[in-house]
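Peer 1: Residues per chain are reported as follows:
2 protein chains.
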Amino acid sequence: MPNGEFVVTPWQVDGVIDYDKLIKRFGTQRIDPAMRKKIVEAAGQDHFMLRRGVFFSHRDMGGIIDLHKKSKPFFVYTGRGPSGATHIGHLVPWIFAKWLQDRFGVNVYFQLTDDEKFFSKKGLSLDDTMGLARENALDFVALGFDPAKTKIVIDTQDIARLYPIAAQIAKRINFSNTKAVFGFGGETNIGMIFYTAIQSAMCYIEDAPVLIPLGVDQDPHFRLTRDVAPLLKKPKPALIHNMMMPPLHGGGGKMSSSESNSAIFTTDSPGDVKRKINKHAFSGGRPDIDEHRRLGGNPDIDIAYQYLRMFFEPDDAKLEEIRADYASGRMLTGELKAILIERVNEYLAAHQEARERARDHLDEYGLGP
Amino acid sequence: MPNGEFVVTPWQVDGVIDYDKLIKRFGTQRIDPAMRKKIVEAAGQDHFMLRRGVFFSHRDMGGIIDLHKKSKPFFVYTGRGPSGATHIGHLVPWIFAKWLQDRFGVNVYFQLTDDEKFFSKKGLSLDDTMGLARENALDFVALGFDPAKTKIVIDTQDIARLYPIAAQIAKRINFSNTKAVFGFGGETNIGMIFYTAIQSAMCYIEDAPVLIPLGVDQDPHFRLTRDVAPLLKKPKPALIHNMMMPPLHGGGGKMSSSESNSAIFTTDSPGDVKRKINKHAFSGGRPDIDEHRRLGGNPDIDIAYQYLRMFFEPDDAKLEEIRADYASGRMLTGELKAILIERVNEYLAAHQEARERARDHLDEYGLGP
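Residue numbers (the numbering used here), protein chains in the order written: chain B, 5 to 373; chain A, 5 to 373.
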């Protein structure tokens, strides 16, 4: 990818993303201080991912908050394409969905798009993606959603409910629309072409407006949904977008399931975590210790620092201390990495325990045996 | 449509079809005397639609007969796109499917493609096509299929069973394939583009080879299925094609549900039938009686005669008598039409009675309430 260029679609994230440019390209709204205040006031609480701009962009978020103020219902929907193991980048919108459920008391739907990943990945069978869907569901359940207000949907298993809604949407989207939004061409398989209607269908699974926390790469699907909504006399889905978790190597693109050294998986062992971070995490430090002590490191490009900021260190005071120490040169790259390794392994120890417990509770979220 | 040209696709039949040319264009096999003999011998009985070339073309019919001779199972599948009332053109492949069930003891699946007609018809809602599907099912059941060996499938209602099979097929068909086979373009909606996979899925609803009696306009769907079958390590569907029932006015195209004076519907009253045939059936007679008596009529282009030949007069001796009388000028157009009107009304009286009885028996064929 030439310098300064980047691609963001549901199936490809390449290059270093310029999020200001992406907001313009996609036509979304930045979450400005006024909007942040509005969300925080309605929620009665702040969230560090909101405060730190991990959630940076939205569509119609204001409308959802206004609705809530009038005590009118909305629901939350997020999901995952089960192409491999879950990594911490996947957890970002789910964690936010959990927070929305806690703060607003809303129903949450979690969609596992086994059909999509089957259509888009040459090497995966439908049995593969169905199996991965159940594994990914464990990570979702591990986050502690209220079973009474949460439903997990697997596309092929819940297709009876999704297809009639998807059909309403599919009739109003033509091939040229998908070409414009996803870059589809003659070689695109017809499962992929239709699939966007299945993802859109989730927006109308309840008879209330939906709010979707999601990685910004998924926005194109719902741009189509929003174009179609008036034709169906339905509300447009509201969206709140998070930035993509950068890969460990710090280059362009996103953390990726198919590149195991780019990602920290929820099932990684403490040893995996230590090795990956020490070996692969791109450092903002100087080439030698003397220079680092004198000039300091650059936390803005340091992946260990960024993971702490985006995910593993919710405490602002602690994060600021780490930043200041690293930027001044008091803290070396190895020390910064050691902090991240400790935090990740603490997080994963608790997550992995919850994840194993979840195996016996999938049915409470609507999954069959 | 310029003279001599014609179009045959699942959604458009225009112009006067040259069936010899169509066989070459589609790459199917003519049912020659040897193949007819093979079918008749295996069935232990002839069928007038086979003998008279209404079923004129096939793909791999020989393989199905060979299978049967080795006592290996096959099943039969046919269907209907529920865009309106059933006309006698629709009944042709169903009648043949009934004969196949009687002669070979096979299971029959009947697919009602409510999704397809919703996708392809601007003015129809999914509720409309679902309602029409149930009405069309009555005509199918009225033909007397064995409920123990017959299942009616409505796409939106049976999608849980169809979608995982359709997905396997959809992954192996790209947009260019559908463009080549159906003429799809940028303006085609994504429901239509995907739909062919749903129709193909029926070919694999049982774990045995399928034989599909069908109007030749439906062949393109299964050409795609046959291309995909080796990739799925599945048998190619075998097909036996009937000619399109010509419209009453005798011009190009086919009998059409949306053109009520082109078709005889299964629910037409005796008065409707009389009026339509007398007023609209294209005549092969001479402009005045004297000339007709002297030169005779032309049964080959006379719609009343063709309907008798294709559908309403199974008795060869009686048909030949009518033909000879008409061709010699002994029989006038009005007299020929009177014979057809009588036969049609006899047929419809019995059919309509069976059709009403069918209302209480849809559940025996797997349809919910």
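These are computed hints drawn from the structure, not numbers from a lab.
All figures in this text were calculated on a predicted structure; none of them were measured in a lab.
Heads up, some of the hints might be wrong.
Which copy? The list can't say, so a pair holds if one copy fits it or any two copies do.
Said to hold, decoys possible - Here are the simulated lysine-lysine pairs, DSSO-like style, with alpha carbons at most 27 angstroms apart:
(1) Lys183 - Lys125
(2) Lys42 - Lys153
(3) Lys237 - Lys283
(4) Lys126 - Lys183
(5) Lys74 - Lys183
(6) Lys42 - Lys125
(7) Lys76 - Lys278
(8) Lys73 - Lys280
Peer 1: Of the hints stated earlier, which fail here?
Peer 2: The structure conflicts with hints 3, 5, 6, 7, 8, although it agrees with all the remaining ones.
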